[in-house]
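Chain by chain, the residues:
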Amino acid sequence: AQSVTQPDIHITVSEGASLELRCNYSYGATPYLFWYVQSPGQGLQLLLKYFSGDTLVQGIKGFEAEFKRSQSSFNLRKPSVHWSDAAEYFCAVGASGGYNKLIFGAGTRLAVHP
Amino acid sequence: NAGVTQTPKFRILKIGQSMTLQCTQDMNHNYMYWYRQDPGMGLKLIYYSVGAGITDKGEVPNGYNVSRSTTEDFPLRLELAAPSQTSVYFCASSPPFGSYEQYFGPGTRLTVT
Chain E
1 AQSVTQPDIH
11 ITVSEGASLE
21 LRCNYSYGAT
31 PYLFWYVQSP
41 GQGLQLLLKY
51 FSGDTLVQGI
61 KGFEAEFKRS
71 QSSFNLRKPS
81 VHWSDAAEYF
91 CAVGASGGYN
101 KLIFGAGTRL
111 AVHP
Chain H
115 NAGVTQTPKF
125 RILKIGQSMT
135 LQCTQDMNHN
145 YMYWYRQDPG
155 MGLKLIYYSV
165 GAGITDKGEV
175 PNGYNVSRST
185 TEDFPLRLEL
195 AAPSQTSVYF
205 CASSPPFGSY
215 EQYFGPGTRL
225 TVT
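Keeping their order, the protein sequence lines are chains E and H. Numbering follows the numbering used here, with no gaps: position 92 of the first sequence is 92. Numbering follows the numbering used here, with no gaps: position 5 of the second sequence is 119.
Chain E on its own, in the form it takes in the complex (with noise of 0.2 angstroms):
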C-alpha cells in the first residue's frame, strides 16, 4: 500500500540556520511528489510538486526539494529560514486509482528561534 513517512514530528531550528524535512514514500512507479505548509490557523498551501524531469525542484518561500528514487524520498531544503517559516509542513504522494486523491504525511511541525 502507499504511504508517506515524516519521521521528525517537530523540528527546532534557530532563525538563519539551514532546513532539512525529512519524508520518505512507498510507491511502486514514478510519483507525484507534494510539500504543502499549513500556518497556524489557516489552510494547507503548496510550496512545491515533483512530477518528473529535473529531480531538485524549486517552489515558494526560497524552498527546494530534492527527488532520490533509490532512497524513495524526497526532502525540503531550505538554506536560511526565517521566523515566518514556523509552521508545519505536510509531504504527499499522487495516490495510485486517479482522481488527483493524495496520501499525506503525518507532517512535521517547524518551530523557529530568534
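Hints should not be assumed to be uniformly reliable.
Stated by the list, open to error - EDC-like mimics (lysine to aspartate or glutamate), calculated; alpha carbons at most 20 angstroms apart, straight line:
id : chain 1 : residue 1 : chain 2 : residue 2
1  : H       : K158      : H       : D140
2  : E       : K68       : E       : D85
3  : H       : K171      : H       : E193
4  : H       : K158      : E       : E20
5  : E       : K68       : E       : E15
6  : E       : K49       : H       : E215
7  : H       : K158      : E       : D54
8  : H       : K171      : H       : D152
9  : E       : K68       : E       : D8
10 : H       : K128      : H       : E193
11 : H       : K123      : H       : E186
12 : E       : K61       : H       : D140
Said to hold, decoys possible - Over the 12 angstroms line for every Cβ pair with chain E, so calculated as not near, a few chain H residues:
id : residue
13 : Q120
14 : K123
15 : P153
16 : G154
17 : M155
18 : E193
19 : T200
20 : S207
21 : G219
22 : R223
Said to hold, decoys possible - Pulled a few chain H residues facing chain E out of the computed Cβ check, cut under 8 angstroms:
id : residue
23 : Y145
24 : G156
25 : Y178
26 : D187
27 : F204
28 : S208
29 : Y214
30 : Q216
31 : P220
32 : G221
Since the hints were made in silico from the structure, they are not lab data. These figures come from a predicted structure and were not determined experimentally. From the three backbone atoms N, C-alpha and C, an ideal C-beta is built for every residue, glycine too.
Keeping the supplied structure of chain E fixed, place chain H upon it in accordance with the hints.
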C-alpha cells in the same frame, strides 16, 4: 478569486446533534475532497467527488455523508455527532487533468462535547 471557501470556521456540537459543513469553490474544478486533520495524523480523506452527482468514500467515511448537486458545492453532513468527530475539517478541489494539485479551504474546527 475566492478559491475554496468553508463555513463555519468554528462550531461546537453536543453529542447526537447533526450539522452540515459547507464548501464552495469558484474554480470550476471537477474534483472535490473532504479531509479531517487530527494531531499527529496528517490528513485523512473522508469522501471525494469527481463531478456533480458522483461521490465516493475515502479512507474514513463512517459517520459522514456527502452530496454534490452542483460543480461548485460539496457539503459534508455529520449525523449523530460523536466525540471522535472532534477534528479540523478541510475541503479541497482539483482540476481534472492529472496534475494532482489540490487547493484547500481554510478549514472548520469542530468540537463535539
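Hint H/Y178 vs chain E: min CB-CB distance below 8 angstroms?
With a closest approach of 17 angstroms, the H/Y178 hint is violated.
Assess, step by step, whether the Cα of E/K68 is no farther than 20 angstroms from the Cα of E/E15, and give holds or violated.
It is violated: about 27 angstroms lies between the C-alpha atoms, which goes past 20 angstroms.
Between the alpha carbons of H/K158 and H/D140, is the straight-line distance 20 angstroms or under?
Answer violated: H/K158 to H/D140 is near 24 angstroms, above 20 angstroms.
Can we keep the H/S208 interface hint, with Cβ of chain E closer than 8 angstroms?
Interface hint status for H/S208: holds (4 angstroms vs cutoff 8 angstroms).
Under the criterion that the straight-line Cα-Cα distance not exceed 20 angstroms, is the pair E/K61, H/D140 satisfied?
Outside the cut-off at roughly 26 angstroms; violated.
Using Cβ atoms only, decide whether H/G221 comes closer than 8 angstroms to chain E, and label the hint accordingly.
6 angstroms, holds
Was H/E193 rightly flagged as not at the interface, with every chain E Cβ beyond 12 angstroms?
24 angstroms, holds
Keeping to a limit of 20 angstroms between CA atoms, is the pair of E/K68 and E/D8 held or broken?
18 angstroms, holds
Next item in the hint list is H/D187. Is there a CB on chain E closer than 8 angstroms to its CB?
Violated: closest Cβ of chain E sits about 18 angstroms from H/D187, beyond 8 angstroms.
Does E/D54 sit within 20 angstroms of H/K158, going by the straight-line distance between their CA atoms?
30 angstroms, violated
The hint names H/F204 as touching chain E; please verify it with the least Cβ-Cβ distance against 8 angstroms.
6 angstroms, holds
Pair hint H/K171 and H/D152, alpha-carbon separation not exceeding 20 angstroms:
Answer holds: H/K171 to H/D152 is near 19 angstroms, not above 20 angstroms.
Taken one by one, the earlier hints fail for this structure at numbers 1, 2, 4, 5, 7, 12, 13, 14, 15, 16, 17, 20, 21, 22, 25 and 26, listed in ascending order.
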